[in-house]
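So the protein lines, in turn, are chains A and B. Quick note: the numbering used here has the first sequence finishing at residue 122, numbered continuously throughout. Quick note: the numbering used here has the second sequence finishing at residue 117, numbered continuously throughout.
Since the hints were made in silico from the structure, they are not lab data. Cβ atoms here follow ideal geometry from the backbone N, Cα and C, with glycine treated the same way. Incorrect hints may appear among the rest.
In the DSS-like style, the derived pairs of lysine-lysine whose C-alpha atoms are separated by at most 30 Å in a straight line are [as the list claims (entries may be wrong)]:
(1) A:K27 x B:K74
(2) A:K48 x A:K71
(3) B:K104 x A:K62
(4) A:K73 x A:K27
(5) A:K21 x A:K62
(6) B:K74 x A:K48
(7) A:K27 x A:K62
(8) B:K74 x B:K63
(9) A:K21 x A:K48
(10) B:K49 x B:K104
(11) B:K63 x A:K27
(12) A:K73 x B:K49
(13) B:K49 x A:K48
(14) A:K27 x A:K71
(15) A:K73 x B:K104
(16) A:K71 x B:K63
Some, not all, of what chain B presents toward chain A, calculated at C-beta under 10 Å [claimed, not checked]:
(17) L18
(18) V20
(19) Y58
(20) G66
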Amino acid sequence: GAVVSQHPSWVICKSGTSVKIECRSLDFQATTMFWYRQFPKQSLMLMATSNEGSKATYEQGVEKDKFLINHASLTLSTLTVTSAHPEDSSFYICSARIAWSPEAFFGQGTRLTVV
Amino acid sequence: QKEVEQNSGPLSVPEGAIASLNCTYSDRVSQSFFWYRQYSGKSPELIMSIYSNGDKEDGRFTAQLNKASQYVSLLIRDSQPSDSATYLCAVNTGFQKLVFGTGTRLLVSP
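Please take these sequences and the hints and turn them into a complete structure.
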């Protein structure tokens, strides 16, 4: 399968600071990338869908001003959690799709802890 | 009704047995169906995709799809302790995005 690299794998930050998470497709061009959040013992919750060169589409209830998504190239999307608070602590996972395929491949995930 | 439903389990099977995981979905126009495996603390890994009615086999895994009944299943033959994980069913409902079930936790005992 295609390789999606996510960085960092874990991060601890102070409340009120911002954190940027990168998601890269290593061996294919990803026209669409997805950002998920997963709390312990729960399923993945889609936060937003981003298409290269256009604004992200956020799911209902997700604050677009708090979770900034940039998909500037066909191989890189970033999620910035602004003014993070302890309740933002979670496992954030990106996935990417090749244009011609319905399959989605996941990055390794980023465990964010806000203290 | 949830869009994609799975029994949360845990489903416990002895090593060497067949594990059967089931999933139902509500959107009749869904066209693409996927099974992901997720180990604790890790991100999901795609193990099977299926697009048409019937069975699809890949090694010890068989995915089964029945669009009329709106269910998709995953059979794992000769289950191994390393298969112990949460298995997520995902459905592509159109509009690009995947909808995930809550996952079934599988425990394979030696």
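Should the interface hint for Y58 of chain B be scored as holding, given a Cβ-Cβ cut-off of 10 Å against chain A?
-> Holds, about 8 Å.
Holds or violated: K49 of chain B with K48 of chain A, Cα cutoff 30 Å?
-> holds, 12 Å
Per the CB criterion, is L18 of chain B less than 10 Å away from chain A?
-> violated, 16 Å
Is the straight-line distance between the alpha-carbon of K104 of chain B and that of K62 of chain A 30 Å or less?
-> Given pair K104 of chain B, K62 of chain A holds - Cα atoms ~16 Å apart, limit 30 Å.
Take the C-alpha atoms of K27 of chain A and K74 of chain B, compute the straight-line distance between them, and say whether it is at most 30 Å.
-> violated, 41 Å
Given the hinted pair K27 of chain A and K62 of chain A, is their alpha-carbon gap at most 30 Å?
-> holds, 17 Å
Straight-line Cα separation of K74 of chain B and K63 of chain B no greater than 30 Å?
-> holds, 14 Å
Satisfaction of hint between K104 of chain B and K73 of chain A, Cα-Cα up to 30 Å = Within the cut-off at roughly 21 Å; holds.
Given the hinted pair K71 of chain A and K63 of chain B, is their alpha-carbon gap at most 30 Å?
-> Not satisfied, since the Cα-Cα distance of roughly 40 Å exceeds 30 Å.
Can V20 of chain B be said to touch chain A, with a Cβ gap under 10 Å?
-> With a minimum Cβ separation of about 21 Å from chain A (threshold 10 Å), the hint on V20 of chain B is violated.
Go through the hint on G66 of chain B and say holds or violated, using the shortest Cβ distance to chain A against 10 Å.
-> Violated. Min distance 14 Å.
Holds or violated: K48 of chain A to K71 of chain A, with C-alpha atoms at most 30 Å apart = Given pair K48 of chain A, K71 of chain A holds - Cα atoms ~25 Å apart, limit 30 Å.
Taken one by one, the earlier hints fail for this structure at numbers 1, 11, 16, 17, 18 and 20, listed in ascending order.
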